[in-house]
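Residue numbers (my numbering), protein chains in the order written: chain Z, 1 to 350; chain P, 1 to 350; chain F, 1 to 350; chain U, 1 to 350.
Misleading hints may appear alongside valid ones.
Here are the simulated DSS-like pairs of lysine-lysine, each with C-alpha atoms no more than 30 Å apart in a straight line [said to hold, decoys possible]:
(1) Lys119(Z) / Lys226(Z)
(2) Lys115(P) / Lys51(Z)
(3) Lys138(F) / Lys115(Z)
(4) Lys56(U) / Lys3(U)
The following residues of chain P were derived to be distant from chain Z, with all beta-carbon distances above 10 Å [stated by the list, open to error]:
(5) Arg19
(6) Gly47
(7) Glu64
(8) Asp67
(9) Gln78
(10) Asn86
(11) Lys92
(12) Glu109
(13) Trp113
(14) Lys119
(15) Ile167
(16) Glu199
(17) Glu260
(18) Arg278
(19) Asn292
(20) Ser294
Just so you know, the hints here were simulated from the structure itself, not pulled from any lab data.
Where is the CB? At the ideal position from N, CA and C, for every residue including glycine.
There are 4 protein chains.
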Amino acid sequence: MIKVGIIGATGYAGAEIARILLGHPEAEVVWYGSKSYVGEEFASIFGGFFKIIEDKCLDDNMEELADQVDVVFTATPQGLCASLINEDILNKVKVIDLSADFRLKDVAEYEKWYKIEHKAPSYIEEAVYGLCEINRDKIKDARLVANPGCYTTCSILTAYPLIKEGIIDPDTLIVDALSGVTGAGRGAKVANLFCEVNESVKPYGVATHRHTPEIEEQLGYAAGKKMVINFTPHLVPMNRGILATEYATLVKKDGKLPTEQEVRAVYEKYYGSEIFIRLLNSGVCPETRFVNSSNFVDIGFKIDERTGRIIMMGALDNLVKGAAGQAVQNMNIMFGLDETMGLRIVPRCP
Amino acid sequence: MIKVGIIGATGYAGAEIARILLGHPEAEVVWYGSKSYVGEEFASIFGGFFKIIEDKCLDDNMEELADQVDVVFTATPQGLCASLINEDILNKVKVIDLSADFRLKDVAEYEKWYKIEHKAPSYIEEAVYGLCEINRDKIKDARLVANPGCYTTCSILTAYPLIKEGIIDPDTLIVDALSGVTGAGRGAKVANLFCEVNESVKPYGVATHRHTPEIEEQLGYAAGKKMVINFTPHLVPMNRGILATEYATLVKKDGKLPTEQEVRAVYEKYYGSEIFIRLLNSGVCPETRFVNSSNFVDIGFKIDERTGRIIMMGALDNLVKGAAGQAVQNMNIMFGLDETMGLRIVPRCP
Amino acid sequence: MIKVGIIGATGYAGAEIARILLGHPEAEVVWYGSKSYVGEEFASIFGGFFKIIEDKCLDDNMEELADQVDVVFTATPQGLCASLINEDILNKVKVIDLSADFRLKDVAEYEKWYKIEHKAPSYIEEAVYGLCEINRDKIKDARLVANPGCYTTCSILTAYPLIKEGIIDPDTLIVDALSGVTGAGRGAKVANLFCEVNESVKPYGVATHRHTPEIEEQLGYAAGKKMVINFTPHLVPMNRGILATEYATLVKKDGKLPTEQEVRAVYEKYYGSEIFIRLLNSGVCPETRFVNSSNFVDIGFKIDERTGRIIMMGALDNLVKGAAGQAVQNMNIMFGLDETMGLRIVPRCP
Amino acid sequence: MIKVGIIGATGYAGAEIARILLGHPEAEVVWYGSKSYVGEEFASIFGGFFKIIEDKCLDDNMEELADQVDVVFTATPQGLCASLINEDILNKVKVIDLSADFRLKDVAEYEKWYKIEHKAPSYIEEAVYGLCEINRDKIKDARLVANPGCYTTCSILTAYPLIKEGIIDPDTLIVDALSGVTGAGRGAKVANLFCEVNESVKPYGVATHRHTPEIEEQLGYAAGKKMVINFTPHLVPMNRGILATEYATLVKKDGKLPTEQEVRAVYEKYYGSEIFIRLLNSGVCPETRFVNSSNFVDIGFKIDERTGRIIMMGALDNLVKGAAGQAVQNMNIMFGLDETMGLRIVPRCP
């Protein structure tokens, strides 16, 4: 049985790891770390766990955690994980970081977009970017996994095969994305109050959102060159879900646009045997409700012959495939388990 | 492996049975019956099941079903189940009816409240009222189970021990209840459109709602006398959840009100070993989000010494403990399985 | 032109006063007081007012306000208004307090329920309870009006005529109420975050909510005796609206329950000429969407002959008739204007 | 006093015309036409109008209407208005059509996108496209105005000045838009039930939505050439609101991108004196809540120097500026009234 510690267990992503692991036959959480609720019963904060989880919240003492558990999930604000790890820790325990600390390979890029100093730049090189379907092999032997962001996972997976195979022009990629409010975290901010969010939508972080360089870096690997994209997130009045609508110009071959069948074949080539990526039937668009609570990414697309562009659309649950679910998927890979263990959750709708 | 047929699989309760049974190790659905979608893929209607359930919808031919399955769930409008069953059917297959056809023992009462003729009154006597925690023993051997209504399950379980033990005066019971919109079904009605329901609450069926006689009959058994209550349902803009707030005058003993400890002891006596009924800690009120997607009923109470009344509060998920979950729980009991099999679902919040 | 100052203009009720007064031909806001946003543009906090209100937020200096305006609205937490007023202030300016400071006539009662010391008990006697339809005559000459609470306004108006005329037994009154989330204010609290409130309902303040003594005191005047009631508020995922569902035992005359016509006649007697109270047609229940943004209270009722009780139901918009609208209505009365001036707002639905 | 008839008064747009005209000093509705509710009280369908509008619904007899009113609003499905008008009608009464019948100048284009035969193609030429801020002069003398679609109004106004002045490359325009659910109408469809829409977002009509050619035609006039764009609408769980996020490549001059100041100046040139178009401050993005219930369009933009693109963002209330409000604005222009009469509605938020 894998012993698990969660730092940041009382945030939405942390609590979702707890929920998922209750259904995992080979792992159990033994440490619910929290900055704000030390000493309080975990189930008093998330009442759904009443009579299911009886533990109290502990602090975020990484040293002690490293002695007691096999893997630590850090579901914390940027900067914390980098400030806690060192060689001794990584020799004792595997770390899956849900923050952005080890997602970008270029420390200057990190410091520019996140506006904080990186406390452990020496581990950036070693850290593996935990986008399971793409980096599965590297994740296997990793000590430190950088779990991708929610917008990022959705944006990358939706476009990846078409960029990798040169079907679309990388310079034309535009990602327009919608997010449920859990993506904004559980901090007490006026902007996230019910009455500020309900019955409205808004773009935010336009041309400056921190998931931009992460998408650019990863898709850039697929393109084989540096990419610069537009990424515009929007806040939508619902609890969970990311929907990415992505636009790119199709590359003509012999003066002709690729057909729907050709594009579909490319997606199938990369995702045909993936359990958690569902390529939707022709003409079907993804809806976030159909992936709710699950680890699925649903992908659809539409070729617009009038404009020569393709519209790619992806949906996932930001707390599951966009955070906790993918983190557990990474854990499964790192510990040599069936990758889907504990994650074959049927979407819950309505 | 128990073979299961669902009539009404494309309604919300029917689809929820399908969802739950995907996690049940001893049962599998082999017949997704539907009136409106015969021949269509089940997953094309509920996209969450894409690549999980590959079956097409079948009709609601009870004769054929009885030959092919071990148990039939009828998640259909009132009247249908009563029109389909007969001795031959019941000799071949167990029937769990999620409609109201066999909930009331008095056929006149049924016809008065539901305003339709009962097509199979001869089976009313035999049918067992499937409120698992109360009627477990009778359910074991039943051929036909009347699965309780969502409001009813919540309303009864919240007050049952206090009525049974004479802690409250049955003549003073008032049940004020709130429901999510899945309770209104999946029919195409203007009244249930998003923009008619969102940003509003309303009472409905005041003093005439059909769950009233069901609550009265069942609590009347506990009281040992006929009961007449007020029951007022309200529609609330959320997908799932029932919250019942119930008021009753406490019975004084030797001129004194019962204490919180005494009331708690009564609840513990009846529910202390129940997995699916969670008596909340002192001062904690139930919230529907904390039972979402699960088979739990959360119960809290507050004694008001100023008025001599007790306020009892219960919450459940109308599609699970209020419909599909309790139906599966009944199936488990009828087939001699662990009662909680497939039902230890962790609440999903947010 | 009446010059108006608002203390607490950046809360939801304060901003609603601003919105309403933009449509008032005889009053204009000249002071937008705020604790948190002094010096910032009011429209930068509530973007709806962009290019409509150009003022910056000022502080809450009551002395200076008293010199500059004709009336001050205090839309602030309990205790502030009482700490600011004195004889000098009240000689210069009329004060309409939206907090609870002057609603209860018994200072001990206030200090018990609100758990703070009252800083100006000498003005309690003078303050007029600003429930316009009931206390219109006293409001005319008041210097200090205690604007009623949102739950309170709805709960009182819904039951008032029937208590006043002895149609119902005051000792049996139970008020079960639902509120939109603006009622919880605009403070940055985790409990009011979108994802904590959305898709859930919960009771709170059970048997201890502070609007209880206010309802009891006012209805007690109608009953001609001290009343003790049960009042249970619930939080519902919508922005605006209060719905009160009230239960009471009907008083029989000559062994007979009053008829619907008799009850209706009583309501008509009190409210027949009121613009802002709409007695709904027989069989129609109020819905909060139909009073949204308006100053209306919609009232319906249903007699249950089976139990001998009546179910009274009232709905209002907590920010308008439950706060800002009633405050402006009080202002109109105090300044001798048409009581409906600026308040004939058509409900906005959906 | 202008006498107004509404055909389709019991749809959301029709009812919103009724709501707006209650605040219009020079117009009154004398005919509430409805296909489904003839003979029923209008206020029994939209309870907010109880005791405000006492009329019963009438049929949609255009002949009779033309004799009784000065202007007819047709808030009906495509095809109806075209089937009702003729020379006799247009000689008697002005017609403002909220459907798409007269929006496209090319009848073949209409029939291709709408898949119905056009019944009155001879009036297409005469009809004026009622985008007030652009076509004000032509609207003045029109007999027949084609009121623009909700997505269209938002999409066009947001990009218009930059296309007109050659700031952006028209061939690169991509419009990604979000809509509240009132945009889907009030028909009883499963897809628009609360539980199908709530807690989810979805794209729809991808590359095929009928507002596409309308945007292309109108912006094409500004560009001075035929335009082909991508337009992707999404359904969002809220009642009202359109948000358009638009992407285009900036045209360099002398190798340099235009500056924010230059772009702002272009917007100011076209909209600086417009009451209903609010150019937001630098760095501020529009939010639909801030235009709720009002006739405003809020516009913001952001230059992304990394990609050389501009992100333009517009927000409006689909029922007001996107339908009923603009229709009334057209009426004001057609009748020589102050264009803003009845429309200076302060946004309502929350």
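Hint numbers contradicted by this structure: Those not satisfied are hints 2, 3, 5, 6, 16, 18, 19, 20.
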